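Engineer: The primary structure of each chain is shown beneath.
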Amino acid sequence: MIPRSIERHAIFFVLLLECVVLAATTDGFLTSTNLGNVLRQNAFTAVLAAGMTFVIISGAIDLSVGSIVGFAGVLTADLMARGVPVGLAVGAGILSGVAIGALNGFVMTRLRVPAFVVTLAMMLIARGAAFKYTDARTITGLPESFQLLSSGVAATLTMAAVFGISWAVLMRTAFGRHVYAVGGNAEAASLSGVRVGRVQRRVFMISGACAGLAGVLVASRLNAGYPRAGEFYELDAIAAVVVGGASLFGGRGSIWGALGGAFFVGVLNNGLNLFRVSPYDQLMVKGAVLLIAACLDRSRH
Amino acid sequence: MRRDCLRRASETVLAGRGLTKSFGGVTVLHDVDLRIQAGEVRALLGENGAGKSTLIKILTGAIVPDRGELHLAGQLMPLGDARRLRDAGIGVVYQEFTLVPDLSVAENIFLGREPGRLLMDRAAMRSAAVGAFRDLDIAIDVDAPVRSLRIAHQQLVEIARALISDARVVIFDEPTASLPPPDVARFLAVVRRLRERGLGILYTSHRLEEVFSIADTLTVLRDGSVVESCSMAGVSQRDVIRWMVGRDVSEEFPVRNPTLGDVVFEARAFSRLPRVQHVDVSVRRGEIVAVAGLVGAGRSAAALGFIGALRPVHARGGQLLLDRRIVTFASPSDALAEGVAYVTEDRKGRGLFPLMSVEANITISSLAAFARRNWIDRRLERSTASEIARACCVRASSLLQPIATLSGGNQQKALLGRYLVKPPRVLIVDEPTRGVDVGARAEIYALLDHLSREGMAIILISSDLTEVIGMADRVVVMRQGRTVRDLPRGEATAETVMSAATLQS
Chain A
1 MIPRSIERHA
11 IFFVLLLECV
21 VLAATTDGFL
31 TSTNLGNVLR
41 QNAFTAVLAA
51 GMTFVIISGA
61 IDLSVGSIVG
71 FAGVLTADLM
81 ARGVPVGLAV
91 GAGILSGVAI
101 GALNGFVMTR
111 LRVPAFVVTL
121 AMMLIARGAA
131 FKYTDARTIT
141 GLPESFQLLS
151 SGVAATLTMA
161 AVFGISWAVL
171 MRTAFGRHVY
181 AVGGNAEAAS
191 LSGVRVGRVQ
201 RRVFMISGAC
211 AGLAGVLVAS
221 RLNAGYPRAG
231 EFYELDAIAA
241 VVVGGASLFG
251 GRGSIWGALG
261 GAFFVGVLNN
271 GLNLFRVSPY
281 DQLMVKGAVL
291 LIAACLDRSR
301 H
Chain B
1 MRRDCLRRAS
11 ETVLAGRGLT
21 KSFGGVTVLH
31 DVDLRIQAGE
41 VRALLGENGA
51 GKSTLIKILT
61 GAIVPDRGEL
71 HLAGQLMPLG
81 DARRLRDAGI
91 GVVYQEFTLV
101 PDLSVAENIF
111 LGREPGRLLM
121 DRAAMRSAAV
131 GAFRDLDIAI
141 DVDAPVRSLR
151 IAHQQLVEIA
161 RALISDARVV
171 IFDEPTASLP
181 PPDVARFLAV
191 VRRLRERGLG
201 ILYTSHRLEE
211 VFSIADTLTV
221 LRDGSVVESC
231 SMAGVSQRDV
241 IRWMVGRDVS
251 EEFPVRNPTL
261 GDVVFEARAF
271 SRLPRVQHVD
281 VSVRRGEIVA
291 VAGLVGAGRS
301 AAALGFIGAL
311 RPVHARGGQL
321 LLDRRIVTFA
331 SPSDALAEGV
341 AYVTEDRKGR
351 GLFPLMSVEA
361 NITISSLAAF
371 ARRNWIDRRL
381 ERSTASEIAR
391 ACCVRASSLL
401 QPIATLSGGN
411 QQKALLGRYL
421 VKPPRVLIVD
431 EPTRGVDVGA
441 RAEIYALLDH
451 LSREGMAIIL
461 ISSDLTEVIG
471 MADRVVVMRQ
481 GRTVRDLPRG
491 EATAETVMSA
501 ATLQS
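Residue numbers (the working numbering), protein chains in the order written: chain A, 1 to 301; chain B, 1 to 505.
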């Protein structure tokens with residue numbers, strides 16, 4: 001019998017094991033350059049996973065986050081290219097994510113369309129909008145100060161802030177408890193006086209905000225507004241949350257699990273690169289790892 | 001009055017002997033004998049929880065009895081083998097339909113036993129289905145998807161399905177519960193035709209007049225045992241009710257001598273079509289009003305309607321008054337804000353959060369009470385939860401353990417406690433002792449009594465007659481979506497309540 005506290009944070013032990021193995025078998029892993037890269041490359045996946053954690057615990061799913069990354073990125077880049085101050089442009093990028101999330105939540109709760117379908121449609125719409133907005137071109141010539149956002153220190157601080165706030169909201173506020181309740185048993189939540197629709201709408205706005213922020217970070221790292229940015233990121237985010245122990249049926253999951261999950265997947269990518277595994281094999285390995293994680297999780301519950 | 005001997009000439013098609021079954025130490029069926037002759041309709045009667053469903057499940061092979069045997073046409077049958085029993089000729093028509101809406105009538109009838117080897121023999125299926133309905137003298141398009149049929153016709157499809165493998169016995173489990181009255185007569189005619197064909201029929205229904213019009217013999221179960229098994233000749237509805245109810249009100253109930261205050265909550269001609277037709281009910285400060293009736297009478301629907309949680313609703317009418325002020329609640333959270341709480345009957349499905357701790361289950365409705373600007377004060381939350389758990393006698397080794405690990409009784413007490421953190425003025429409890437052991441049951445009664453003494457107005461929805469008579473200061477009886485009687489404590493007896501719940505007045 002494994003103690004609950006260890007079991008609940010199993011992903012960190014797995015992550016640690018992964019790091020130890022890579023440190024022992026490769027020369028390149030345990031260098032400051034490489035670790036800094038891992039941190040920077042995965043900061044946005046982690047931020048997306050934080051938002052996705054709320055959605056998944058509430059029993060829903062958000063497939064639109066990757067496209068929001070693309071849209072928010074080109075919007076922010078375009079505004080800066082037109083001379084809007086960096087701070088305002090970044091704020092607009094994040095707000096565009098909130099707005100798309102709000103729309104997701106509205107359609108889902110008011111028009112009673114399943115989250116999967118709503119966000120699948122939004123994934124197409126937001127991506128299409130990003131292409132149309134830029135005429136499928138890449139926006140360049142961004143101010144230098146914007147690039148600082150994706151420096152190792154800034155990215156780490158941003159990520160730490162996102163996770164700190166997410167943890168506090170999820171574990172220490174009435175709203176956070178309601179998110180778990182809605183995912184655990186929506187009917188019971190409603191009869192307990194929880195305003196289920198409102199909780200769901202807020203959850204999608206949070207996910208949208210995180211996606212908007214991730215979009216800004218990606219644009220900063222690319223130093224460009226690239227309408228294809230963030231493609232398939234929704235899948236990485238969902239994988240991170242699930243590997244971190246959340247249930248796709250809702251009601252179970254933790255924000256630290258999502259963080260651990262994001263870096264587990266990130267370090268895995270890094271390790272496969274260090275071993276020069278071909279990109280095709282990488283895909284298969286990642287898929288297999290996700291399946292194994294899901295099977296282990298099933299056997300636990 | 002036993003006429004079984006007179007019918008000795010006719011053949012016994014189905015016989016159960018000494019059937020006994022217990023679940024988790026509670027005996028739900030004790031040494032039950034049951035015989036069904038060819039060409040007879042035997043009614044199986046009993047209160048909710050008397051053991052009827054368990055008996056039917058044994059006859060159909062859905063569960064295996066601990067003891068006893070089953071004979072079909074003199075042959076010993078394997079127990080708990082649903083497929084064998086069905087193929088041997090025991091057909092069943094359940095209250096809840098088991099049809100697949102998008103498949104055709106013929107496909108539904110043959111679901112799970114499609115003729116043909118690799119490919120379904122659709123022609124054979126079609127013609128057998130047509131033949132089955134011709135035998136029943138019913139016109140139904142066997143190619144139509146079941147979804148497109150009226151409820152009454154869907155039921156006929158169920159019957160055809162029960163008959164298709166040369167059934168010798170057909171069991172009807174509350175077959176008319178969801179049929180509108182005009183269809184009931186037509187349905188009963190079909191049952192008579194089956195009897196004429198020499199089938200043995202076991203028939204359960206809560207509607208006594210229907211039982212009296214169709215049954216030849218009856219078996220009454222009470223607390224898992226057969227209390228009467230005889231011919232219907234010379235039996236009155238009063239007799240049947242007495243056999244079904246039987247028990248005396250025991251001392252497990254607190255002695256009630258309430259001091260009643262003003263009317264706190266009242267529903268006037270309240271309707272939420274289709275399930276709630278016309279409800280008049282009121283409750284005073286310090287009063288416990290029981291709402292009695294059969295399963296499906298619309299009691300829970302009415303309560304859900306009060307707090308704005310009933311779906312779907314096609315039309316609404318009537319008024320709710322809280323302190324003589326007209327109110328409408330758009331959602332349970334509105335109702336709770338005004339002090340009207342509803343504790344669900346469906347503990348697992350609509351009550352508990354199985355993954356959350358006992359504590360979180362208790363505090364979920366009232367987090368605002370210990371949150372400062374949305375931040376939960378965990379210490380206050382913990383102390384409140386343990387206070388409530390103590391007041392409600394919730395026994396748990398830790399309030400941090402998942403609620404799913406508690407016994408049914410402790411889960412129920414915790415669920416009740418959830419709505420007492422911020423004491424409501426009107427508490428509607430729906431079947432608060434269903435699936436609860438005797439000890440916890442007495443604690444729940446004592447708790448409700450205590451709350452009413454403190455001035456809470458309580459509406460107790462219950463299918464347990466003993467509980468209704470034992471707890472209520474007044475009993476309101478519902479039937480088919482309507483309140484039909486309002487009996488003061490003195491007039492409420494098991495007989496008067498049961499009559500009002502079952503008979504057409």
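Each hint should be verified, as a subset may be incorrect.
Said to hold, decoys possible - Simulated crosslink set (SDA-like; lysine to any residue; CA at most 20 Å straight-line):
{"hint": "1", "chain 1": "B", "residue 1": "K348", "chain 2": "A", "residue 2": "S247"}
{"hint": "2", "chain 1": "B", "residue 1": "K422", "chain 2": "B", "residue 2": "L380"}
{"hint": "3", "chain 1": "B", "residue 1": "K348", "chain 2": "B", "residue 2": "V295"}
{"hint": "4", "chain 1": "A", "residue 1": "K286", "chain 2": "A", "residue 2": "F12"}
{"hint": "5", "chain 1": "B", "residue 1": "K422", "chain 2": "A", "residue 2": "R195"}
{"hint": "6", "chain 1": "B", "residue 1": "K57", "chain 2": "B", "residue 2": "V263"}
{"hint": "7", "chain 1": "B", "residue 1": "K348", "chain 2": "B", "residue 2": "A396"}
{"hint": "8", "chain 1": "B", "residue 1": "K422", "chain 2": "B", "residue 2": "A391"}
{"hint": "9", "chain 1": "B", "residue 1": "K422", "chain 2": "A", "residue 2": "T173"}
{"hint": "10", "chain 1": "B", "residue 1": "K348", "chain 2": "A", "residue 2": "F249"}
{"hint": "11", "chain 1": "A", "residue 1": "K286", "chain 2": "A", "residue 2": "T33"}
{"hint": "12", "chain 1": "A", "residue 1": "K286", "chain 2": "A", "residue 2": "T31"}
{"hint": "13", "chain 1": "B", "residue 1": "K422", "chain 2": "A", "residue 2": "A174"}
{"hint": "14", "chain 1": "B", "residue 1": "K422", "chain 2": "B", "residue 2": "V295"}
{"hint": "15", "chain 1": "B", "residue 1": "K348", "chain 2": "A", "residue 2": "A186"}
{"hint": "16", "chain 1": "B", "residue 1": "K348", "chain 2": "A", "residue 2": "E187"}
{"hint": "17", "chain 1": "B", "residue 1": "K422", "chain 2": "B", "residue 2": "G455"}
{"hint": "18", "chain 1": "B", "residue 1": "K348", "chain 2": "A", "residue 2": "R252"}
What the hints assert, rightly or not - Computed, partial: chain A to chain B, Cβ under 10 Å:
{"hint": "19", "residue": "A129"}
{"hint": "20", "residue": "A181"}
{"hint": "21", "residue": "L191"}
Claimed, not checked - Between beta-carbon pairs, the in silico distance windows are:
{"hint": "22", "chain 1": "A", "residue 1": "L16", "chain 2": "B", "residue 2": "D377", "range": "49 to 57 Å"}
{"hint": "23", "chain 1": "B", "residue 1": "L380", "chain 2": "A", "residue 2": "L17", "range": "34 to 42 Å"}
{"hint": "24", "chain 1": "B", "residue 1": "D377", "chain 2": "A", "residue 2": "L291", "range": "37 to 45 Å"}
{"hint": "25", "chain 1": "B", "residue 1": "L103", "chain 2": "A", "residue 2": "L111", "range": "24 to 32 Å"}
{"hint": "26", "chain 1": "B", "residue 1": "T493", "chain 2": "A", "residue 2": "L111", "range": "48 to 56 Å"}
{"hint": "27", "chain 1": "A", "residue 1": "A154", "chain 2": "B", "residue 2": "R373", "range": "49 to 57 Å"}
{"hint": "28", "chain 1": "A", "residue 1": "V113", "chain 2": "B", "residue 2": "I151", "range": "22 to 30 Å"}
{"hint": "29", "chain 1": "A", "residue 1": "L291", "chain 2": "B", "residue 2": "A391", "range": "43 to 51 Å"}
{"hint": "30", "chain 1": "B", "residue 1": "R122", "chain 2": "A", "residue 2": "L95", "range": "56 to 64 Å"}
{"hint": "31", "chain 1": "A", "residue 1": "A99", "chain 2": "B", "residue 2": "R256", "range": "54 to 62 Å"}
{"hint": "32", "chain 1": "B", "residue 1": "G349", "chain 2": "A", "residue 2": "L291", "range": "28 to 36 Å"}
To be clear, the hints were calculated from the coordinates, so they are not data collected in a lab. These numbers come from a predicted model, not from an experiment. Here a beta-carbon is modelled for each residue, glycine too, at the ideal position from N, C-alpha and C.
Engineer: Hint by hint, say whether it matches the structure.
Structural biologist: Each hint tested on the structure:
no. : hint                        : result
1   : B:K348 - A:S247             : 19 Å, holds
2   : B:K422 - B:L380             : 14 Å, holds
3   : B:K348 - B:V295             : 18 Å, holds
4   : A:K286 - A:F12              : 18 Å, holds
5   : B:K422 - A:R195             : 18 Å, holds
6   : B:K57 - B:V263              : 45 Å, violated
7   : B:K348 - B:A396             : 18 Å, holds
8   : B:K422 - B:A391             : 13 Å, holds
9   : B:K422 - A:T173             : 19 Å, holds
10  : B:K348 - A:F249             : 16 Å, holds
11  : A:K286 - A:T33              : 24 Å, violated
12  : A:K286 - A:T31              : 24 Å, violated
13  : B:K422 - A:A174             : 16 Å, holds
14  : B:K422 - B:V295             : 31 Å, violated
15  : B:K348 - A:A186             : 12 Å, holds
16  : B:K348 - A:E187             : 10 Å, holds
17  : B:K422 - B:G455             : 14 Å, holds
18  : B:K348 - A:R252             : 17 Å, holds
19  : A129                        : 34 Å, violated
20  : A181                        : 5 Å, holds
21  : L191                        : 5 Å, holds
22  : A:L16 - B:D377: 49 to 57 Å  : 35 Å, violated
23  : B:L380 - A:L17: 34 to 42 Å  : 40 Å, holds
24  : B:D377 - A:L291: 37 to 45 Å : 43 Å, holds
25  : B:L103 - A:L111: 24 to 32 Å : 30 Å, holds
26  : B:T493 - A:L111: 48 to 56 Å : 52 Å, holds
27  : A:A154 - B:R373: 49 to 57 Å : 30 Å, violated
28  : A:V113 - B:I151: 22 to 30 Å : 29 Å, holds
29  : A:L291 - B:A391: 43 to 51 Å : 48 Å, holds
30  : B:R122 - A:L95: 56 to 64 Å  : 59 Å, holds
31  : A:A99 - B:R256: 54 to 62 Å  : 58 Å, holds
32  : B:G349 - A:L291: 28 to 36 Å : 31 Å, holds
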